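Just so you know, the sequences run in chain order A and B. Taking the working numbering, the leading residue of the first sequence gets 1, the next gets one more, and so forth. Taking the working numbering, the leading residue of the second sequence gets 1, the next gets one more, and so forth.
For the record, the hints were derived by calculation from the structure and aren't laboratory data. A couple of the hints might just be wrong.
Calculated lysine-lysine pairs in the PhoX-like style (CA-CA distance at most 20 Å, straight line) [to be verified]: (1) B:LYS171 <-> A:LYS186; (2) A:LYS129 <-> A:LYS161; (3) A:LYS129 <-> B:LYS171; (4) A:LYS186 <-> A:LYS221.
Keep in mind the model is a prediction, meaning the values are calculated, not measured.
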Amino acid sequence: MFRIVTTMEFTELIENNKKAMRMLDLLLKAPEISVGMTPSEVVYTQDDMRLLHYIPVVKKPYPVPVLIVYALVNRYYILDLQPDKSVVKKLLDDGLDVYIIDWGYPSGIDRYLTIDDYVNEYIDNAVEKIRELSGAEKVSLFGVCQGGTFSVMYSSLHPEKIQNLATMVTPVDFDTDEGLLHVWAKSLDADRIVDAYGIVPGNLLNTGFLLTDPFRVLIDKYVIFLEKIESNGDDEDSGRKNEEAVKNFLRMEKWIFDSPDQAGEMYRQFIKDCYQKNLLIKNEMMLDGKRVDLKNITMPLLNVMGEYDHLVPIAASKPLNDAVASTDKEVMVFPTGHIGMFVGGKSQRDVCPKISSWLRARSGDQNS
Amino acid sequence: MNMESSDLQASHDFFEHWLKAYEATCGRIIDMPILGPSREGADKLRKNFEATINMHAAWAQSLANYQSAFMEASQKTQEEVEKRIAGGVSPSSYKGYYDLWMETYSKTFKEFLKSRFFASDLARLTSNSMDFQKSSRVLIEENFLRPANLPTRTELDDLSKEVYLLKKQVKELVRGQGKSATRK
Numbered sequence: 001m002f003r004i005v006t007t008m009e010f011t012e013l014i015e016n017n018k019k020a021m022r023m024l025d026l027l028l029k030a031p032e033i034s035v036g037m038t039p040s041e042v043v044y045t046q047d048d049m050r051l052l053h054y055i056p057v058v059k060k061p062y063p064v065p066v067l068i069v070y071a072l073v074n075r076y077y078i079l080d081l082q083p084d085k086s087v088v089k090k091l092l093d094d095g096l097d098v099y100i101i102d103w104g105y106p107s108g109i110d111r112y113l114t115i116d117d118y119v120n121e122y123i124d125n126a127v128e129k130i131r132e133l134s135g136a137e138k139v140s141l142f143g144v145c146q147g148g149t150f151s152v153m154y155s156s157l158h159p160e161k162i163q164n165l166a167t168m169v170t171p172v173d174f175d176t177d178e179g180l181l182h183v184w185a186k187s188l189d190a191d192r193i194v195d196a197y198g199i200v201p202g203n204l205l206n207t208g209f210l211l212t213d214p215f216r217v218l219i220d221k222y223v224i225f226l227e228k229i230e231s232n233g234d235d236e237d238s239g240r241k242n243e244e245a246v247k248n249f250l251r252m253e254k255w256i257f258d259s260p261d262q263a264g265e266m267y268r269q270f271i272k273d274c275y276q277k278n279l280l281i282k283n284e285m286m287l288d289g290k291r292v293d294l295k296n297i298t299m300p301l302l303n304v305m306g307e308y309d310h311l312v313p314i315a316a317s318k319p320l321n322d323a324v325a326s327t328d329k330e331v332m333v334f335p336t337g338h339i340g341m342f343v344g345g346k347s348q349r350d351v352c353p354k355i356s357s358w359l360r361a362r363s364g365d366q367n368s
Numbered sequence: 001m002n003m004e005s006s007d008l009q010a011s012h013d014f015f016e017h018w019l020k021a022y023e024a025t026c027g028r029i030i031d032m033p034i035l036g037p038s039r040e041g042a043d044k045l046r047k048n049f050e051a052t053i054n055m056h057a058a059w060a061q062s063l064a065n066y067q068s069a070f071m072e073a074s075q076k077t078q079e080e081v082e083k084r085i086a087g088g089v090s091p092s093s094y095k096g097y098y099d100l101w102m103e104t105y106s107k108t109f110k111e112f113l114k115s116r117f118f119a120s121d122l123a124r125l126t127s128n129s130m131d132f133q134k135s136s137r138v139l140i141e142e143n144f145l146r147p148a149n150l151p152t153r154t155e156l157d158d159l160s161k162e163v164y165l166l167k168k169q170v171k172e173l174v175r176g177q178g179k180s181a182t183r184k
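Produce the complete structure using the sequences and hints provided.
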């Protein structure tokens, strides 16, 4: 039997019980949480998709607007989770003119939407709207995760509209065994899933994400949360810290389980053409009869990835830089995981400032 | 841990035997062609029963595989505790033991989940679950919704497709109009 000193054992038990009771108390009085609080206005809608324009915080933003394209899985507001953990706010504070696509929640009627619809319809219409509103000839695309994959496709098919392409934790070379999703997707029968569901339930995909590290995300995460609760002292400072800890935790919980369903045909195509046949990196991906040739990408490229990303490993992202024809291209690897890129301490401290700086240097003269 | 090897052979063998026995006995009766006026409805029920059996067999096999991984993780945790006790550095608190447990279980399951064996098992379970889902839908539509004169999911899908294709046509027409207006 392992050795536990009796007095320590009791102290630890009592302390844990106190924390558990305090946590229960805090959850009973849990405040309302808000996400995506940076002020914005809806400037365009099409079906479920909305284009949001964040209200600039400087008098004269940089002339080249930035369009953020997030994944269809989970919601875009992870990039603006709370004011002190907001990629969007950082870009705005630095004088950039920021737009974002909210894909909404697809329903039964959207089951036949394909990747072509997302890339050549929704993204293209958003880009057109931004060009119209801003007067800019070109926009910067900032694609995140699967949204990055779509942004790569878009930049290849419409290079004349794109000033800069920034991708973050974006898979382009799917033929790797480093990430569990890549391993599992190879054997998955996407036809059966789509034929059975039509619209693929977000919860089904979420189960897959949770399975990538089940003990950490289903148990340890909650233990760490409990540890953060201060059980001693009813003073104002402890109360404020505990309330903040609960709010921060609940915001992440909300985001993780806020999983939109997926348009079936898009899902089928993404699994088969990307994960299984790996067509994108081979320049063999076809959208609406047009070949997605990565050599068409000649604009400046920034490719950002996380060293410990277990969902999109570096091996899946890095090959993009060799596949494009851009001469101004850069890779940035940060010592963090997939989610840490958007909300971790390193995100605000290291990741956001570097992306912002890269974009600003290529977004024209702010004073022109 | 080598998940490709025969570690889980016992659980596989058990389910193989069970399925063979089922197919040789009850399964034969279920497979028998149905006669009479209720043939079509009953046939869908039979197919759904078959899909249910397949899904449960795949589910049971997956559970057995998870169980094997749990057993291995428990064994490794125990071995690590013994090793630490022998070295005089055993966990001195519940948290210390929890950390050791978490680390060992996470590592063991990571190997298990990364194996090709697990990937094919997951694919099989997913496919069987999808077959069950689809067959249940057909069963409900044919035996309940249609007789009750209620709309079915299949009909809604047909409508969705029609709407999708019409929208595409409209967009192409609008684009074509834009182009001809520009030419003028």
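Mind checking the alpha carbons of LYS129 of chain A and LYS161 of chain A for me, to see if they're no more than 20 Å apart? Given that 20 Å is the threshold and the Cα spacing comes to 12 Å, the pair holds.
Straight-line Cα separation of LYS186 of chain A and LYS221 of chain A no greater than 20 Å? Roughly 29 Å between the alpha carbons, so the hint for LYS186 of chain A and LYS221 of chain A is violated.
20 Å limit on alpha-carbon distance, applied to hinted pair LYS171 of chain B and LYS186 of chain A: violated, 35 Å
Is it true that the CA of LYS129 of chain A sits at most 20 Å from the CA of LYS171 of chain B? holds, 16 Å
Hint violations for this structure: numbers 1 and 4, all remaining hints satisfied.
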